[in-house]
Every structure is written in structure tokens, then in C-alpha cells.
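> Let chain P serve as the given structure and place chains U, C, A, E and D on it in line with the hints.
Number of protein chains: 6
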Amino acid sequence: MNQWLQDMSWEEAKKAIQNAGKVAILPVGSVEQHGCHMPLGTDSYVAITLAEDAAKEAGALIVPPLWFGWSPHHMVRPGTITIRPEILSEITFDIAASLSHHGIRKLIMINGHRIVNVVWMQLAAEKIQRELDMAVKIFDPAYMSKEIVKDLGFGAVGHAEEIETSHMMYRYPDLVNLALAKDNPVKDAHLYSVDPSYEKDTLCYVPSTYAHAKKNAEIAGGTSGEPTKADAQKGKSYHEHLVKRLVEVIETLRER
Amino acid sequence: MNQWLQDMSWEEAKKAIQNAGKVAILPVGSVEQHGCHMPLGTDSYVAITLAEDAAKEAGALIVPPLWFGWSPHHMVRPGTITIRPEILSEITFDIAASLSHHGIRKLIMINGHRIVNVVWMQLAAEKIQRELDMAVKIFDPAYMSKEIVKDLGFGAVGHAEEIETSHMMYRYPDLVNLALAKDNPVKDAHLYSVDPSYEKDTLCYVPSTYAHAKKNAEIAGGTSGEPTKADAQKGKSYHEHLVKRLVEVIETLRER
Amino acid sequence: MNQWLQDMSWEEAKKAIQNAGKVAILPVGSVEQHGCHMPLGTDSYVAITLAEDAAKEAGALIVPPLWFGWSPHHMVRPGTITIRPEILSEITFDIAASLSHHGIRKLIMINGHRIVNVVWMQLAAEKIQRELDMAVKIFDPAYMSKEIVKDLGFGAVGHAEEIETSHMMYRYPDLVNLALAKDNPVKDAHLYSVDPSYEKDTLCYVPSTYAHAKKNAEIAGGTSGEPTKADAQKGKSYHEHLVKRLVEVIETLRER
Amino acid sequence: MNQWLQDMSWEEAKKAIQNAGKVAILPVGSVEQHGCHMPLGTDSYVAITLAEDAAKEAGALIVPPLWFGWSPHHMVRPGTITIRPEILSEITFDIAASLSHHGIRKLIMINGHRIVNVVWMQLAAEKIQRELDMAVKIFDPAYMSKEIVKDLGFGAVGHAEEIETSHMMYRYPDLVNLALAKDNPVKDAHLYSVDPSYEKDTLCYVPSTYAHAKKNAEIAGGTSGEPTKADAQKGKSYHEHLVKRLVEVIETLRER
Amino acid sequence: MNQWLQDMSWEEAKKAIQNAGKVAILPVGSVEQHGCHMPLGTDSYVAITLAEDAAKEAGALIVPPLWFGWSPHHMVRPGTITIRPEILSEITFDIAASLSHHGIRKLIMINGHRIVNVVWMQLAAEKIQRELDMAVKIFDPAYMSKEIVKDLGFGAVGHAEEIETSHMMYRYPDLVNLALAKDNPVKDAHLYSVDPSYEKDTLCYVPSTYAHAKKNAEIAGGTSGEPTKADAQKGKSYHEHLVKRLVEVIETLRER
Amino acid sequence: MNQWLQDMSWEEAKKAIQNAGKVAILPVGSVEQHGCHMPLGTDSYVAITLAEDAAKEAGALIVPPLWFGWSPHHMVRPGTITIRPEILSEITFDIAASLSHHGIRKLIMINGHRIVNVVWMQLAAEKIQRELDMAVKIFDPAYMSKEIVKDLGFGAVGHAEEIETSHMMYRYPDLVNLALAKDNPVKDAHLYSVDPSYEKDTLCYVPSTYAHAKKNAEIAGGTSGEPTKADAQKGKSYHEHLVKRLVEVIETLRER
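Taken in sequence, the protein lines are chains P, U, C, A, E and D.
Quick note on numbering: numbering that gives the first Met the number 0 labels position 162 of the first sequence as 161, and the sequence is numbered without any gaps.
Quick note on numbering: numbering that gives the first Met the number 0 labels position 37 of the second sequence as 36, and the sequence is numbered without any gaps.
Quick note on numbering: numbering that gives the first Met the number 0 labels position 94 of the third sequence as 93, and the sequence is numbered without any gaps.
Quick note on numbering: numbering that gives the first Met the number 0 labels position 122 of the fourth sequence as 121, and the sequence is numbered without any gaps.
Quick note on numbering: numbering that gives the first Met the number 0 labels position 52 of the fifth sequence as 51, and the sequence is numbered without any gaps.
Quick note on numbering: numbering that gives the first Met the number 0 labels position 130 of the sixth sequence as 129, and the sequence is numbered without any gaps.
Do not take every clue at face value.
Chain C regions said to be covered by chain U (calculated; three or more residues, Cβ under 8 Å) [as the list claims (entries may be wrong)]:
#1 118-125
#2 193-200
#3 206-217
What the hints contain is simulated information worked out from the structure, not anything from laboratory work.
As the structure is a computational prediction, the values presented were derived from the model and not from experiment.
The C-beta atom is built at its ideal place from N, Cα and C for all residues, glycine as well.
Bound conformation, chain P alone (with noise of 0.2 Å):
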């Protein structure tokens, strides 16, 4: 039996929910367009690809994912879907109310999206921490690889960048297509960045207008970064860093 809660019974996931030391993780991405190169699903594989080896070191609970995102700025290309931060946030209420019926305490989402579904998990997070006294905790990769992305030499968080295209060519290799990749390096934009660990003054990140989205998307096929200087055997590294860091977080909360 792996750690899927989907793929066991109603008495498999009664023990499982014990053994997990009433953990549960979520895994959240988004459908929305990763450049030439990188699927569509590129930011659910993450968040799976990360839950599945971490919950199968420390013994943790998947619930099935939640494959959507919030992804307004990136509808310019097609095949993106985009779900309003308000039905996210309250489909994930609902998710954690069932889970608390049956004895969940602590719930970890993992966020393969980055810092735009940052914002609707949070207002779920503390939602369901008020509502339901539950813990909740967001691991989102962005945040919790400030240290080794430096480390390894690669540039700012963009959008389909060497980080991501790295992490997904040592995970899903077949969905990757490098050379298709365009380059759009991020520029040191005065009072501006997306990127977590961006240490100089700026604006608080808002979703790209339309209009501002589009004329991007036509630099480099939706990226920003430098998908070209992608490399598996980084990516290796990072994702060992990031399942590190997740078995940690579980492990602080089985603690509990």
C-alpha cells in the first residue's frame, strides 16, 4: 500500500491516519502554460512528486490533489484554467473540515505554484487553523530552497526557469522537452520581484494585468529565466534538499 488516500480503504485509512501521527499532506499546483518546454501540469507534478517522496519517508498521509490554481496572468496562453482564490481556498476548507472528522490534526499543503497561491492558502490556512484548531502549514518549493538555489548557482525565481525545468527534468523526464526552451533572463527590475528571497526594497506582488502578461508571453513562449541552463543532476539536488526539508516539517508536527 503506498500513502495515497484514494487508493485505500475506509479500514486502511483509519490506521493510516494513526500511523501518520495525524498528519496529512495536500498537494496543490495549477494547470497554466510552463513555456515551449514544461507541461501544463508542470506546478501539480512538483507538488506530488515532492508529497509522494517525503510521505513515503516519514510515513505521512496524501490526500488526492488538487490539480487547479489561481493563474489569471497566465490565461494569455492556451490551455490554462484558472479557479477564483475564493473557491480554492474554500474547496481546501472543505477538504481539511472532512479530514478533521476522522482525526487529522496537522495539515501540510504543498504549493507548486509559487507565490500566487500563496495568497489563497493563506486565508484558508488561517481559516481552517480558527475554525477547525487545526495546524496548518504551507511548503512551498520557492521558499524553502532560498538557501541551496543559491548554492547551486542558479538565477532568480522567474516563471519556468532552470529551477523548475531542472527539478522536472530529474523527476518527469519524459515531460520535458529542452529544446524548446527560449530564454527571457529576469532583470534586476528597480522596486519590483516575485522572488521570495529578493532582499532589496519593493512593491508587495500582484498578478500580472492581461495586457502586462501578454507582452511577456511573447518574449520567450511564457517563460522567465534561463530554462536553457537547466540541469538534471541539480534538479536531483534540489528536490533531496526540499524532500529533506518536508520530512523535517512532518516530522516537527508528528512531534506535537
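Frame of chain P; chains U, C, A, E and D shown alone:
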């Protein structure tokens, strides 16, 4: 390349939308108890496998699955997740609105969860048709197999009964443990039925109360029907019938 | 004193709630086109007359009628009024919550509007059962007359057809002008039916689009079926069958 | 044919909308305790009878009544039904939107429930005017009878007092049992009044708390005022005054 | 230390809540056109100055002002800000819920915006009373000055008329430029009035349509009434009357 | 005339909108505990003083402040007021929609409340950009002072710490009582930080639970950080840095 949207780049999705004759399929299921012999994700797996096999044959596009459904009456068993119907309707509307933006004009929702999900799907379908001017069809195995179910000698539609079990045994044998199945025959209840093919006077379906569902779940681990009579070969006939029907619906929509 | 709540003083209501065994009936219909020969309020009158006759016999309490239903597909003809299903569900919930406050524990919704209102009534019923701990039954003439409709030799359930027309001719002859009735026989449509007793494979019902409904309304003034075959005597048998069934439901609830 | 929409076929409704100068009337009341001598539906009957008599004279169209109102403060007595004001406002909006679709441009809401319903009616009216570009008037007997109430020597507006009782005695004598009426004179309360014609300094009306309403309902069975002074002949003058005023409003709107 | 909550530390607030006898005041106004001679914030300033002077005298606590109101009909002039009434009601509810958490049991809303804000304040007040079990009073200058307005010889309540102008001239002389005031006398309109002290038959108030408001705003820069008759000395008497009345309300609540 | 909208007549506002290059500023703060030495309104005062000084210099228009923010985690101390984030987002949307109606095309929200308000501001900003086609920037002192905070030798961003305290001492000395300040140094927490300039791996911010916040508030009266190190002169440098940055943002928007 397969038919799943999440595995395509946006350039591939662009072509796929045209090739699919502007038809997309959304598989929807549930995470809810299915007796001691079947996994919580049964309804979702049913929707997924039908979508995959029919889309391959008819060339339609498949949207990532919505794993969660409306299951208030199955909360009596661990692992069940229930989402408010209005939230499910709104997330489906947003998926449709995004697809519409990219050129999809016809949507088929496959409902692996039978009569309960149908309620909110009808609300969503009407709103999508009215506000987005798309054509929407709700394809539900229980409604679309009235004829073959009689031919195969199956009993009435219940829950985790011989019909579902046979289907899962054919498509996901590793997820079924028939040795644990317990029977709970569907009795000819006066004035009531959940079977869409029921021909006698009946009240309209309302999800059971928690108290009623609890009592019922104690009889045979959550089943209604006779899963011990399940048979993978019959499951094959049932599956092929449904795939054929689904292909037929896809092609009818494409012809428009 | 009759059985209608609105005609009682609060002291009389207090007694009536006890005498009724804590059972209340809410008649719900619609204001929508019913061809050239029947009034817009047909569905509401159907619910009202069933409520009156059964309540008299079984001693139940009747709440003032909700005249309006969900009729988006009949807006193609003047006079139709459609209310959003979520609003209908919420007003019904508030009615139930008020009744619950005064001691009513069982609610029967009579739906004169058939398959379309059933959708939001299911939502309302589940919420009322879960949040107010009341028992709720949805009594719909089309679902509760499968047997007699066959016996009387009526055709399939359509709209303003021989079934509804016969019923109205028996109970409200002044509101029917049979001379204006036009036939539009229900054809055996492949993969589709609105008749709850349909025994073959089918997609789930979704209210017609405006465009489709408009085209259909031009054929025979809005009817589906053969109203010219209506007969008051058959309407009497149909009515008495339904009243008997409704009395049966009331008494079953009272016994609890 | 009478003026009620529910009794017309759609062809008759089409003509009636034109004949009515695009004016429709919506009677709204409440189901709430009206002392020991009057029925729970008093407010709705008041709205209905005014609508019927004025529509007959002025040729306007009447929409089926909304029997339910906002009555949180009368829940202290059995039989009272209270609907949340936002739900009442939305159902009224949908009724107006449907009428607007069929050519009605002016809507008169008759409020038999006085000061409490006025609140949500103002919200609905503003929204209908702004979003549907219709003209809306709220016709309330208590606001529209300031002059005649003084002339007839009635006391202040209370609840189930001599004004309402006289009106009901004239129009629905069978529903009034004056022998059971109890007096509870309206005192000249410092800083407060529910009477719209009150000429002194006052706080704005807020529906009583449950506790306050309960205490008050114990004094005289739920009345405020002196119903024993009611008189059918005065009720006739009052009724005729209001019908005349309502006809005047209808005609002013038609002239536009 | 003054009476404003925002100027206190939490330790001071703790004491102030007790000293105030658990009474808090919330000043609410609007940002809307007030003719050519008065500022957009007039209604808010009116609420603020009454709150300050009465709180100083009676020792009540003042919550920071809600500057914005419901002003759909004044959007015809630049600078007006209008908030949906349901949003205003909900923000007020949350303010009350927070105060309740800290021990406040009685809330006085001062409405500087007259008849329009009263609508949503009534909704908020009822909900606060019912769900939070607090006592709520709506103090509106136009309702609370019926007697003195007659004594001072002012005309009817209009908009930016001599009453408001006199008040502002007394309290905020720098914000008034009487030289720019234009008169637009309130005529004795048949069947209609916005003046709460109007003693004749009337329809209920509904905010003007945009078209109607636009036409009216062109007559005298947005005024209804005769601001040129304004007088600071009369404004002083008016202000002192209102402060006295407000102190009276505060003290009545404290005594409870 | 100053830059505040509420102090202008509509004719002045009309001119000011043009002179401001269609840029408006909305100051938003909170009413929440700020230790024993600072007032509950600290965050709002911060936003107000920045708005005033920058608007004076750059000629922008200032909308009346929104005094209230989202502060669920500070409800542990008396006087704190918390509004649901969705309500704050909607009131802000309505303010923007009103401004848009009058010609404002660019909106700067100044957030004196740091990381918590940012969540709902991002939701509001995206919706305003998408639905109203305005440009929106969120200006937050904690994000816009990363560089100078290091230069001034301040510690990490906490709550009511030396940064906020220095700022208040410079601008509102009368509202600060440094003698009551207590230190609670921000420790280098593993995997967590509320400081936007934090450069190490971190989980995403979620407002503390009530239990956690309560425990924390008991240490040093609600502070996190070292307010006793506050210095008015440093506050001046900090303030001037922020005003300069804000003027820069205003002018960039005007140039568009």
C-alpha cells in the same frame, strides 16, 4: 502524447483543442468509503478510466480530474471527504470558463459518483450553458448502463455493489480485495430508490442523514448490494459498453 | 378551520403543530408557460391541490405556497418567472428553520414543477436534514405516478402534456382551455429523457438552453406531449392516486 | 379573466403586460403572529386585497404573492416564519429580472408587513432600479394612510392593533375573532417609535430582540395597540383610501 | 487621553471599556457630494463631532470612524464613493463582534448620512443583536432633531440644505464656503418625501436613480433645500440639542 | 486645501483628480494591540502620515483612511478589531470602482499593517486590475525599507518593535510612552519568519493561532522585537526614506 491536458505544453494544448473538435472531458469522482474491499477513490478511478479509454478512441481532450465530490452521507467512515455542492459547482464553472476562453465549446462531465454529484452538476451545467454559451453533457455510468446492467444480470444500483466492483476488478484489480467484500442486498423499498432505472413510484432522492447512514454502514462495512457476486469479465463488458457510449456522445458533439 | 398555516392564529397554529404529528407540507410550483391552453401557475396549483386534499385527510399542516420555481428554459415565453436555484434553496431552508423553531420535525416538499425544481430541493433537503435535524421528503407527482401513468395509458412525461392537462381539467377546469391545446408528441430520443420512469440508457437531465427551448416552443406553443388526449376522468384517477400516496407518506412520517 | 399572472396563459400574459402599461404589482406580506384574534397571514392578506382591488380598477398585472417576510422579532410565537432579508431581496430581484425580460418596466411592491419589510425592499428596489433600469415604488399601508388614520381617530401604528384589525374585519371577516382580542395600548415612548408618522425625536427602528419581544408578547398575546376598538366600517374607509391611493400610483407610472 | 480607541494602548482600552459602562460609539458617514459649498466628507464630520462631544461628556468609548457609506444616487458628482450596503453591514458586524469579544455590550451607531445609511444599519443592528446579544441603537441627526428643527424655523430635510450647512458652519467653518451655496427649495412633492418628520401620506424612500439624480444635481450643484439660509448660531443650537440627546442615549444604555 | 478627498467639494475633487495625474492613494492600517507603549491605531497612523507627506510633495489625491484591518491573531488583547479579509477586499474594491467612475486610473494602497493585510490586498488588487482596468500598487513600509532598516542597524521585523516605535516617536510622539515598552527579541526561528527580507529557507506566513498569540502576548505585553532601542532620529530617516520611495512610485505611475 496522451490526451491529458496537464501533460501537454501550451503549444500542444492549442493543437489538441482544435483536433478534439472543441470537446473537453472533465472526470469527476469522490473520495468516499466503498466498503472494506474497494478504495476510497473508486468513483474517481471510474471516471478517469472511462475518460482515458474514450478520449484515446475519439480524440478528445481530458482535463485533470476533480478527485473530490459531495459525500455528506459517507462521512460515517474514515477517509471520506465531502465538499459543499455549491463549491463544486463553482470550481467546475471556473474550469469551464477557462476552457471557453481557449476555444472549447462543448464539455462532457463524467460522474463516477452517481446520483449525489448529479445534483450540483446540473446546477453547474445550466450555468455554464447560460453564461458561457457552451454545450454541456453529464455522463453518468449508472444512467448510461441501464440496458447492459439488466443484460448482465446485475442487481439494483446500490453502493460498492457488484456493478462497481466488477468494473474496478477489470480496470484496477490491484485496488480491489474481494476477500473482504460483504453483502447487503438492496431490498425492494416501498416508495424509495436510488437506482435511476427504478420503474415504480418513488420519492426523490435525498442523501441519507448521518444517523441513517451510520446504521447502514454497520451492516456490511458500507456496501449496499452484493459485491461478492462481482466478476471481472462482466466488468469488461460493462466498461466497453460505457466507453462505446461515451465515444458516441463525443462524436455527436463533434459533429455539431 | 382549514389546514393552511396562514389562516390560523398563533394559538391555533400551536395546537395544529401537535395535532399534525409535527409534520408540515410545503407546496412549491412555478410560474412558467404551459402551452396555450393552461395557466402559468399550473405547477403551483398542482402542488396546492395535492397538499389541500391530503392534509385534510391526514391532518397535516400546510405552509403557504412558494409560487416561484427555477424555470430558465421557459423564459422564452411571456409571463415565466425564474428564480436562481440557490435562492430557492435558501428561502426553503429559512422556512424549515422557522418551522423547526416551533416544533415541526418532518417536512414534505410537494414539487409541482417536476425534474427542474428537484435539483435545488435536493440541496435544500440535505441541508435541512443535516443542520436542523429534521426529516425531509420530496414528493413529486411525476416520480410518484409511474405506475398509474402506465395504467391510464398516458404517454411519456413532457410539458403541459395529457397528464398535467387531465389533472388540471379535474381540479381547475376554469383555468384550462382545451380548444387551444396543440400536440407535440414526445419522440423516443436517443440518449436522453426527462421522464423519471425512462428505462433506457440516458444522459442526466440539464435544463435546455434558451436557443433550444425557443425552437421547441415554436412547434406547439410550448407543449411537449399530446394535451389534446387529456381527460378529466383520468385526471381524477391520477389525482386520487397521488393524494393516497401523499397521505401514506404523511402517515409514515407521523408514526416515527 | 382576473389580473393575476398565475391564472393567465402565456398568450394572455403577453397581452396583459401591454394593457397594464408595463406596470406590475408584487404583493408581499409575512407569516407572523397577529395576536390571538387574527391569522398569521394577516400582512399577506392585506397586500393581496389591496393589489386585487386596485389592479381591477387600474388594469395592472399582479404577480403571485410572496407570502413570507422578515419577522425575527415575532418568532416568540408559534407559526411565525422569518426569512433572512438578503434572501427576500434576492428573490424579489429575480422576480423583477424575469418581468423585465418580458417587458415590464415599472414595479410596485405592496408591503403588508410595514416597517420591517421596508428595509430589504429598499435594498431590492435600489438594485432593481440600477441593474434592470426599471422604476420601483414601495407602497406600504402604514406610510400611505397617515392622513386618514388621524381622521378616523385611530391610535398609533402598533401591531395587530385597531387599524389592521378594522381592515381585516372589512375584507376577511371570517379570519378575525374579535372576542379574543386583547389591548396593549401604545405608550408615548421617549426616544422611540415604530409609527412612520411619529413627529417627535426618535431613534431609528431596529427589530426587537427576542428577549424584548417575548416579554412584550406576554402582555396581550402579541398585540401592541387597542384591537378591541376595531370597526369594520372604519376598515372600509381605510381600505378605500388605500385602494384609491394605489390606483393613483399605478396611473402615475402608466402615464410616464 | 481622549475617547478614541485608536489613540489608546490596549491597557488603556481595557480600562476605558469598563469606565464607559461597556458602551461604544461608531461614527459612520459618507463621502458624497454636498453641493458646491461643502466638503465630500460632510456626513462623516457630522458623525465624528457628535461622537466626540457626547463621548467627552458621558465617558463613552469611540471607535475609529467608518468614512464610507451607501451613496449610489450621488455618484453623479466627482469624488462620491459608494459601498454596497451588504458590505457596510458586514464590516459593521465584524467591528461589533470584535468589541463584543473585549466586553462591549452596547453599541451606538451615529449615522451622519441620514435615510440611506439607515437601511443597511438596520440590517446590521438586527444581526448584531441576534447573533452577538448586544444592544444596538441607531442615532441619526435627522430623526433626532425633529423638534428643534421646527423650533429653529428650518425647512424640510433635503441635502446639503440649511440644517447640515448651519451645523458644519458651527463645527467646521473652514470646510464651508457659503459664497458658493445655491438654493433648490424642497417642494411639497405629492406622495413622496425623504424627511423623516413628514406627516402626510408617502411612498417609502428609495435612493434616486442615476438619471433622476443627475437631473436634480444640475439645478443647484447637488443641493436640495436652501443652504443660503444657513446660520452658525442656529447650527450651535442644533449641535447642542443633538449632543444632549446622544448623552441621554448613552446614559440610558449605561444604566441598564 | 489639503490633499484629502473628504475635505474637498466635488468641484475641487474634479480638479484634484486631473491634477493628480489620475493617481489616488488609499491608506489602510489596523486597530490592534501594539504593546504597552503604543496606541491601537499605530498601523493606520503609519499609513496616514506616509500618505500625507508624499501626497503633498507629489500632488496625489488621498482617500479617507480605512482604519480597520485583518488582525485575528491580536484579538488576545483588548481593543483589537479584526475584519474578515474578504470584507476588506470587497470594500476596497467598491472604493476603487467609485474612484474609477470619476476618472482615477491608478491606485496606491498604503499598508501600515504589514504582512497580514497584504493577503487580502493582493486579492483586491488583482480584482481591481482585472475588472476595472486600473493599475494597482501595494506600498508596504516593511517591504519598502529593507535597505534602510539594515543601514540603521534595526533588528528583524517583529511587532511594535524598534522600527515601528522609532517611526511613531518621530511622527506622533504624544501617542508613544516609551517608558512602558518591553523587549521580546526576535529569535532566529528555524523554518519560519515574518520578516519580508528574511533570506533563509522558510515556510509561508500564516497568522498565529489564538493560543499561540496569547502565549506570545504574555511575554512582553504584545511586542516582538526590541522597542526600547527605538530612536526618533532613526525614525526620521526611516520616514523620509519611505516618503521618498512613495513619491517615486506616484511619479512613475503619473508618467505612464
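> Establish whether the coverage given for the segment 206-217 of chain C by chain U is satisfied; the threshold is a Cβ-Cβ distance below 8 Å, and no fewer than three residues must meet it.
Since three or more residues must qualify, the claim that chain U covers the segment 206-217 of chain C holds, with 3 doing so at under 8 Å.
> Count the residues of the segment 193-200 of chain C whose Cβ falls closer than 8 Å to any Cβ of chain U, and tell me whether that reaches three.
Holds, because 5 residues of the segment 193-200 of chain C bring their Cβ atoms closer than 8 Å to Cβ atoms of chain U.
> State whether the coverage of the segment 118-125 of chain C by chain U holds or is violated, taking the criterion as 3 or more residues with Cβ-Cβ distances under 8 Å.
n = 7 at 8 Å, threshold three: holds.
Hint violations for this structure: none, all hints satisfied.
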